[in-house]
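S.K.: Given next are the chains, with one letter for each unit.
There are 4 protein chains.
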Amino acid sequence: MILVIKNDITQQQYNHILEKIKELGFIPHISKGVKKTIIGLIGEQAEKYKEIFEAMDGVEHISEIEKPFKLASREFKEENSVIKINDKVEIGGKKIVVIAGPCAVESKEQIFKISQELKKSGADLIRGGAYKPRTSPYTFQGMGEEGLKLLKEVKDTLGIGVVTEVMSIDQIEKVADCADILQIGARNVQNFDLLKEVGKIRKPILLKRGMATTIKEWLMSAEYIMSEGNYNVILCERGIRTFEDSTRFTLDLNAIPVVKSLSHLPIIVDPSHGIGIRNFVPTMAKAAIVAGADGIIVEVHHKPEEALSDGPQSILPQQFDQLMKDLRKLVEVIGRNI
Amino acid sequence: MILVIKNDITQQQYNHILEKIKELGFIPHISKGVKKTIIGLIGEQAEKYKEIFEAMDGVEHISEIEKPFKLASREFKEENSVIKINDKVEIGGKKIVVIAGPCAVESKEQIFKISQELKKSGADLIRGGAYKPRTSPYTFQGMGEEGLKLLKEVKDTLGIGVVTEVMSIDQIEKVADCADILQIGARNVQNFDLLKEVGKIRKPILLKRGMATTIKEWLMSAEYIMSEGNYNVILCERGIRTFEDSTRFTLDLNAIPVVKSLSHLPIIVDPSHGIGIRNFVPTMAKAAIVAGADGIIVEVHHKPEEALSDGPQSILPQQFDQLMKDLRKLVEVIGRNI
Amino acid sequence: MILVIKNDITQQQYNHILEKIKELGFIPHISKGVKKTIIGLIGEQAEKYKEIFEAMDGVEHISEIEKPFKLASREFKEENSVIKINDKVEIGGKKIVVIAGPCAVESKEQIFKISQELKKSGADLIRGGAYKPRTSPYTFQGMGEEGLKLLKEVKDTLGIGVVTEVMSIDQIEKVADCADILQIGARNVQNFDLLKEVGKIRKPILLKRGMATTIKEWLMSAEYIMSEGNYNVILCERGIRTFEDSTRFTLDLNAIPVVKSLSHLPIIVDPSHGIGIRNFVPTMAKAAIVAGADGIIVEVHHKPEEALSDGPQSILPQQFDQLMKDLRKLVEVIGRNI
Amino acid sequence: MILVIKNDITQQQYNHILEKIKELGFIPHISKGVKKTIIGLIGEQAEKYKEIFEAMDGVEHISEIEKPFKLASREFKEENSVIKINDKVEIGGKKIVVIAGPCAVESKEQIFKISQELKKSGADLIRGGAYKPRTSPYTFQGMGEEGLKLLKEVKDTLGIGVVTEVMSIDQIEKVADCADILQIGARNVQNFDLLKEVGKIRKPILLKRGMATTIKEWLMSAEYIMSEGNYNVILCERGIRTFEDSTRFTLDLNAIPVVKSLSHLPIIVDPSHGIGIRNFVPTMAKAAIVAGADGIIVEVHHKPEEALSDGPQSILPQQFDQLMKDLRKLVEVIGRNI
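Protein chains in written order, with my numbering: chain P, 1 to 338; chain F, 1 to 338; chain U, 1 to 338; chain A, 1 to 338.
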């Protein structure tokens, strides 16, 4: 249920509405747009208080959100959400954001060498896994806290923000301490307890789509995070599982216009996992931007054949540099910048 | 098995090779590239004659094609195939080809009205079904021969080529008589008898991918046509079937770079069937071109709500016109024209 | 639209109704059940004649069929359809029907040797392809008419009915001349012209489910055949395409109860193509029967390693013999016989 | 790497081997079969110590496990694993195990009423969720600890074991305190941190297959649990995601023979989630048992229309009673009991 607030509401009237909402046991979800302020009152029981709020001063009218996702829906917030990452970067605005880096942090030398090159080529943020979800318990599981420290060093030394994955509740604090964006991996897209917990912090969350998650279920997972108060959710399409076996996954670019129509949240694309074949990654990255994505996240490694994970889908630094050049020309045509 | 021919071969030596091939019961498949001429000798038994050809004058060397598709493979033909449609249009070259029109030919007025507008906006070819594959036997099945006549009239009057579907062997002659390109629909992608028969004519064939056909199987279907001597095959990605239910199919743009790496055949994209939602069609069309497609085929109807089939995915003429404008800017950046 | 006929209708009244239906341009689809006779009047325009028929003597009442498939629906015919194959065999009754044989007819010796063994073990019908739909144009395509002749010989000599595939319209007459059941393969499940043509004969049709065909679409394909007057349709589940790669396809036994609830048509199961691994075929065959299938169709070859197609999924004659023994015990428990 | 131990090994030799393994930093995984004892030495580095162990007394020979899953593989353990649940129940032996109960614990009255009826009909264990993974954050999330207490009461009062889901690491202790089997839900099948933690306890774990998890990935998830020392893993097939939309998921019975060939672990089937339609659940349960499943887990509710979750797929107590009767007859034929 959404309370659309009158433009000429007084502060007192406004506070009164918020108090009433809390009194009834709800959290007021506030969205201040350019033209309108609205307050979301969400939960199975919300509707039965409709009449109370209709009668209150300052409430213009009340409307229902038909979709099962509420805070994530365009009905709740008409304008695109622009999520502030740090002093230099925001996602969801006119500027395309480029996140790049190795699949995993492997050593100080590795992460510094790659990060420097990527920064020079124009990356906005560095990605790199410290905790790695691997199909086999016997393969490299990431450097853990050691990896987080190296990412922090990269951030402090090079002055570039970092994105890294959080796999369990007990890692949230440590990861949040280092990362500008916390990533929830595809395999945890419906790990609801983890979603709720990252909903309690205020750092931006990169929520990857699961490999068999419909777009609606994915938005419901975003809703889990938002319902706890963290509205800084960035969606990331990374390929779905289909019968096709000549690519690693099937990168689903259709998801971009569909998400944009259903939700105000920004969406970026991960062509590396999506198609899984190095030489096709730049092509899919460019197609994603033209399809309306707000950014890309790509795996780059200077020696992919020696990478401890995801070597075959990591592009080389020079491929990344060329991709940035291509994107610069492309975004101009579609009215964005990079 | 491929015979790579010496550059300084004499006509007599060349004829001698061809005769030998025919004598052994094979059809010689000839590919004259800019730098090399090669002759394909294809079939389960071909290899056992390897030594005979190795010993012949004019044969530089012999190599195997590892892929199950032979004539369709990049190994058989390194350069992109450019397929001549008519005096004005060819597919697979630098120019992006745009095919547009209604799902089905519904009346003289309808097909003329749409075709005129599309030609004005810059379409290269008109699409329109006379024979319609419909899930239900009780819905409109197309105008049949009457529809073909109208398409011929469009072609003769407006001077623009037409593309239309052939659903069974007995329709081939009639359709070939009218159409510049014969379309094989997604549901017939493994109708092998039909494929063989369209392989016996020389008109270009638009081969749609089946909704559960892997890229390799699809190239095998192209091979069926080519093995009969018709090398004028244009592939068309049109969406695959997945679990996702917010789009009609999942348009698989990953197929474009994969096909381009495996095959010399041109590939175009059908975003109308692929995503199935009008307002998202132009977006996916643009993404397809940036992903490397050689063209698009889109459904346009001036009154989609009255269309006898596929209304919800047909764009309006003004949307098509805008798409053409957007594409003109886009193709410049990627080094192509339209 | 269904006309439910009064039990005490006179022959004259009945004829009058049929004439009226034909006069209006419809084909009367008649279903005589134990308790009721109903006449289907099907097509987009049928409804507008509702009042005419309501007023006719002998019509008890008129009802609509909500489902998009009409003649195939339980609403049209409440009782299970039992389809007579020949003097000894019918499908859809209490008796489980077992169809077995090699993927393809390969030689006189082969088909006779296998058929004799299978008959001895208790097979009701022999399967064997004369026309083979193969992914590659360069592999064995079946013996064609020669194969049909051998099947006819098997039938005449051993006194056992045969099932074989028809791939194109021009083969229908020849195949119908030899076969007790004509099979439409998975790849032709939406080859609508072929469906219409086999709808014009009266021989039983085995309609395989396509690898990406929903159950509802499959019933629509059955409807294509039935709408032409051939009600002798037997459905055959044979595995769908999914992401799982440890089996050839994913045999979908869920389809059995779903089909049984939606349709009166019999359904059999092909575990050979469905799971595609020899040693698992008998297990899935037994599970299919317990799930409610009216029969099975299995590939058997006495030398699978030498089979010209589908060797890895063909069971050995002794495995088939054991399967029959197991099934005999199993069907007793579920109130059927074999 | 597997060390196959000589039958006449002395205790001293045996201890010596174990000490050496620990000294090198590995955990010895011991499997004592009827005929052979083997010790698994697993990890990326294991192979380089091969020669050391080959030279040791008491080691008959050393072999590699080719599969990516090691402890879960048939190569590691030839005989079926039989997992002891409590004094009365074990899973994986000749006896079919039946787990039944409501989707969620909703109240004392509800869980007691259902449990009593199910026990009477012959259920071996009661299922019931206290923590519920729900797509929407706004729907019933389970009774939590209150639900666990009720399950404990059921167990103590009725003397029947209980199965309930654990969704996060911090719940493990509480759930293990009450449950005879801890369930890992489909959405957590690749929540690797959770898998590792339940690997550290010794209670049986029911590991549901993910909706897009291949059989091999699923066995890798079992390996995560086993690699931490908890070998008591029971697999549970519960339906995969496919394009078919007339069932909730596609219950994949093919997984049963495939798992049985690859692994020694027991496998049970959840037809309730798998097909998702009440009246088809008993049919699929029976088919699963005939396909080789070691048990079933079904949702039963006495008022499904009032259930707080999964009502449409819950069967009624009388349907469950009938299912038990049918299964009793069925298992006899396949050489098992219930």
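Any given hint could be a false lead.
In this list, chains with the same sequence are indistinguishable; a pair is considered to hold if it fits within one copy or across any two.
Computed cross-link-like contacts, DSSO-like style, restricted to lysine-lysine with a CA-CA straight-line distance of at most 30 Å [what the hints assert, rightly or not]:
no. : residue 1 : residue 2
1   : Lys303    : Lys149
2   : Lys303    : Lys6
3   : Lys260    : Lys303
4   : Lys6      : Lys329
5   : Lys108    : Lys48
6   : Lys260    : Lys174
Derived by calculation from the structure, the hints in this document are not laboratory data.
S.K.: Run every hint past the structure and note whether it holds.
M.R.: Here's how the hints hold up against the structure:
{"no.": "1", "hint": "Lys303 / Lys149", "result": "within (22 Å within a copy, 55 Å between copies)"}
{"no.": "2", "hint": "Lys303 / Lys6", "result": "neither (59 Å within a copy, 40 Å between copies)"}
{"no.": "3", "hint": "Lys260 / Lys303", "result": "between (36 Å within a copy, 26 Å between copies)"}
{"no.": "4", "hint": "Lys6 / Lys329", "result": "neither (44 Å within a copy, 43 Å between copies)"}
{"no.": "5", "hint": "Lys108 / Lys48", "result": "between (57 Å within a copy, 27 Å between copies)"}
{"no.": "6", "hint": "Lys260 / Lys174", "result": "neither (32 Å within a copy, 42 Å between copies)"}
Checked against the numbered hints given earlier, the structure breaks hints 2, 4 and 6 and satisfies all the rest.
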